[in-house]
Amino acid sequence: MDYVHLRRQAASLRKGLFDQGYLDEQFYQLEDLQDDASPNFVEEVVTLFFRDSARLMANIDQALDKCVKDFNKLDVYMQQLKGSCTSIGASRMKTDCSAFRECCRDENIEGCMRSFQKIKREHSVLRQKLESYFQLLRQAGPVECATRPNK
Amino acid sequence: MRVQEGINSMAGADQFPIGMRVLAVDDDPVCLKLLENLLLRCQYHVTTTNQAVEALKLLRENKDRFDLVISDVIMPDMDGFKLLELVGLEMDLPVIMLSGNGGTENVMKGITHGACDYLLKPVRLEELKNIWQHVVRRKFRHRERNTNLSTEDPEFDKLPNSNPSHAQGQHGQNSSSDNSGRYSKKRKDQNEPEEEDGEDNGYDNEEPDPSAQKKPRVVWSVELHRKFVAAVNQLGIDKAVPKRILELMNVEKLTRENVASHLQKYRLYLKRLSAVASQQASLAAAFGARDPSSYLRMGMFEGLQSYHPLASSSQIPSSLTSFQATGGPLLNRSNPATLGLPGLSPSLSNNSLSSNPLNELNKFQLVNLPGNSNHANLLHDQLPSELSFSNVTNNALLPQTSQDCMQPRQSAVAATSFHAKPITFENRCLTKAENQSLEIPSSSNDIFLGRDIKCQSSIFNEESKLLSFGGASQNNTKLQWRQDDLHESTLLLSSYLDSQLPNNSCNTMADPVTIAATGSGMVQGLNGGVFNQREGVATSGIIGSSISGLTAMTNHDSQLKQREEYNLGVQKVQGGYGSNGCSMDGLLNSVIKMERDDISYSDGDIGCDLYPLGACM
Chain A
1 MDYVHLRRQA
11 ASLRKGLFDQ
21 GYLDEQFYQL
31 EDLQDDASPN
41 FVEEVVTLFF
51 RDSARLMANI
61 DQALDKCVKD
71 FNKLDVYMQQ
81 LKGSCTSIGA
91 SRMKTDCSAF
101 RECCRDENIE
111 GCMRSFQKIK
121 REHSVLRQKL
131 ESYFQLLRQA
141 GPVECATRPN
151 K
Chain B
1 MRVQEGINSM
11 AGADQFPIGM
21 RVLAVDDDPV
31 CLKLLENLLL
41 RCQYHVTTTN
51 QAVEALKLLR
61 ENKDRFDLVI
71 SDVIMPDMDG
81 FKLLELVGLE
91 MDLPVIMLSG
101 NGGTENVMKG
111 ITHGACDYLL
121 KPVRLEELKN
131 IWQHVVRRKF
141 RHRERNTNLS
151 TEDPEFDKLP
161 NSNPSHAQGQ
171 HGQNSSSDNS
181 GRYSKKRKDQ
191 NEPEEEDGED
201 NGYDNEEPDP
211 SAQKKPRVVW
221 SVELHRKFVA
231 AVNQLGIDKA
241 VPKRILELMN
251 VEKLTRENVA
261 SHLQKYRLYL
271 KRLSAVASQQ
281 ASLAAAFGAR
291 DPSSYLRMGM
301 FEGLQSYHPL
311 ASSSQIPSSL
321 TSFQATGGPL
331 LNRSNPATLG
341 LPGLSPSLSN
351 NSLSSNPLNE
361 LNKFQLVNLP
371 GNSNHANLLH
381 DQLPSELSFS
391 NVTNNALLPQ
401 TSQDCMQPRQ
411 SAVAATSFHA
421 KPITFENRCL
431 TKAENQSLEI
441 PSSSNDIFLG
451 RDIKCQSSIF
461 NEESKLLSFG
471 GASQNNTKLQ
481 WRQDDLHEST
491 LLLSSYLDSQ
501 LPNNSCNTMA
511 DPVTIAATGS
521 GMVQGLNGGV
531 FNQREGVATS
541 GIIGSSISGL
551 TAMTNHDSQL
561 KQREEYNLGV
571 QKVQGGYGSN
581 GCSMDGLLNS
591 VIKMERDDIS
601 YSDGDIGCDL
611 YPLGACM
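Line by line, the protein sequences are chains A and B. Each residue of the first sequence is one higher than the one before, starting from 1 at the first, in the UniProt record's numbering. Each residue of the second sequence is one higher than the one before, starting from 1 at the first, in the UniProt record's numbering.
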């Protein structure tokens, strides 16, 4: 296998994520925490993130569907989601979450829905990209990990 | 597991902060995992849970198992602030809050509830690398407080492990309230783990540990206490070390440990007083749109200062003055509040206390305490104008303890009701009574006194008597019996302060009170519970008894009470309060109210730490 190529691809994908604002410095922190003791830390956290965020988003979906307009509840959910996004450095999603919360504060249900659609899209895109990224990493082999800065 | 942890901790202790045992709580699995790894990276020993309830359970199982708690603010099963309070109350551990929301209000809330620190998500490694300082700081504070006490304690110096076992025990005593305003908890904690106590003075033990041997209980009689206070005053509260005090007192068969433990209590008491005082002051200020946080911290001191003017009673022994100076023991002579009887003032005059609570108090004493004439006299002699404060000062222990307790609430309470008397103890964590004392004023003078009495009484005995009558208005029924027991009650009180368990003698007395207290639902009366006005615990007449009663109650309550109760109590008090002119009550009420709304526990250490009362949990 062309490890070098794969690694380069992974690196490029990663860079793209940062450049395009999908990820921010917080992601570096995650990477920093990956070491011999937890060799797959980043991937584990990211996986956890997507799982948990999917759950939260389902809750939000449900709440929005009910059309009850319980803005407080929506806000709470979104706050949780935002917290998660912040933790892994999902920058774009974080921004969208903030926008959603603003709509909640304004009690703008339409705005909330639109905002939420955007969040879902971003979520999906990010997931796709990160999955590709990790896959490349795995394919590229452990060497790839070693090259990443570790504390 | 325990063993394992123990070993780890032992190792950790030597290499602190490496190996520091952290409990991380966050409902967000992503954050939790991240936090866990960050903490591991800092070489801490980490336990995680995503449920606050689970966290509490772990903490309760073994108080020594952790050195620090980090918790998210927003959690589904329990509010982070609530957890913070509980941890502070029960375990006296430093708690760091985590949140995605860094708004000033939230941060303030965290601090007032007793958080040692408030971190914003996403948490950074650099920040976590420094969190060990909170553990050290807390220990240091505790250590300072207990300097005279357990220096021999072999465990004392062990960081942080030793701290929990020892300090917690200790804290239980003097500073359970130390941080985060643990209310009565202290006593409770103290007694629970340590029980033993055979040590010295009827108070409970400070240290459960091996160094404390069973000694015949020393009963801190009025006389003895007076000597003690005199010695403390002579040395200066800051310089008062058990050894010197012992020398000055020159009492046979009194050991350094006895004195040390008594001193501890006294300090708490003084703290409490000053806390109350400051609370009042702060409350007053608050009304003036003062920054609420100021109460917590400054309340005490400010209160103290404000009280100066009140210090009409010249009688105040120098000790009082010295206390004032220190800002701790608050007892402002002049202020009845300082006496810790926030209620006193109010009760005394039922009108503005400012006038001369002490005098009134005095009168009151005399009048009310028929049975305790001795005591009353004592008090009277001691402080003609100041009710028991002077005694209080003597009983510096109390205030000091209160300091430890510095409960935000207290100050609040003090602030409110106290006319202007800085009920220092309010702020201070009236360790045991603290909470209560605060409440006392608010609810009724009687109660207030009762409370104070509690706190104070422990020290003063005599004072307690006076204190109790503060409440006067309320029913004294229970207290009535006190009178006879006054003496006992005083003892009770004293011991009360230290130990949650009332002395035997007190028990008798306390019972009614306890009953009253519990009956009325007063919150632990002393602890934070407010005396029920209905109960009239404090009934004026019975000061002595009330004190004991209070103590009893407090003990009783304290153990139970949690902040909530306190608040409840407070509320009640507030309701009942109304009538008295005493500002204190009002102050207390407001304080209590404030507290209620915003349970601000600042770290117990008012003296040392700016953290608002309760703090550090």
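It is possible that part of the hints are untrue.
Claimed, not checked - Distance condition first, Cα-Cα at most 30 Å in a straight line; then the derived DSBU-like pairs of lysine-lysine:
hint, chain 1, residue 1, chain 2, residue 2
1, A, 129, A, 118
2, A, 73, B, 129
3, A, 15, B, 253
4, A, 66, B, 129
To be verified - Some chain B residues flagged as far from chain A (calculated, every beta-carbon gap over 10 Å):
hint, residue
5, 15
6, 27
7, 28
8, 37
9, 61
10, 101
11, 107
12, 124
13, 221
14, 251
The set of hints was computed from the structure by calculation and includes no laboratory data. Built from N, CA and C at the ideal position, the CB exists for glycine as well.
Quiz item: Going through the earlier hints one by one, which of them does the structure break, listed in rising order?
Solution: Hint check: 2, 3, 4, 6, 7, 8, 10 and 12 fail, others pass.
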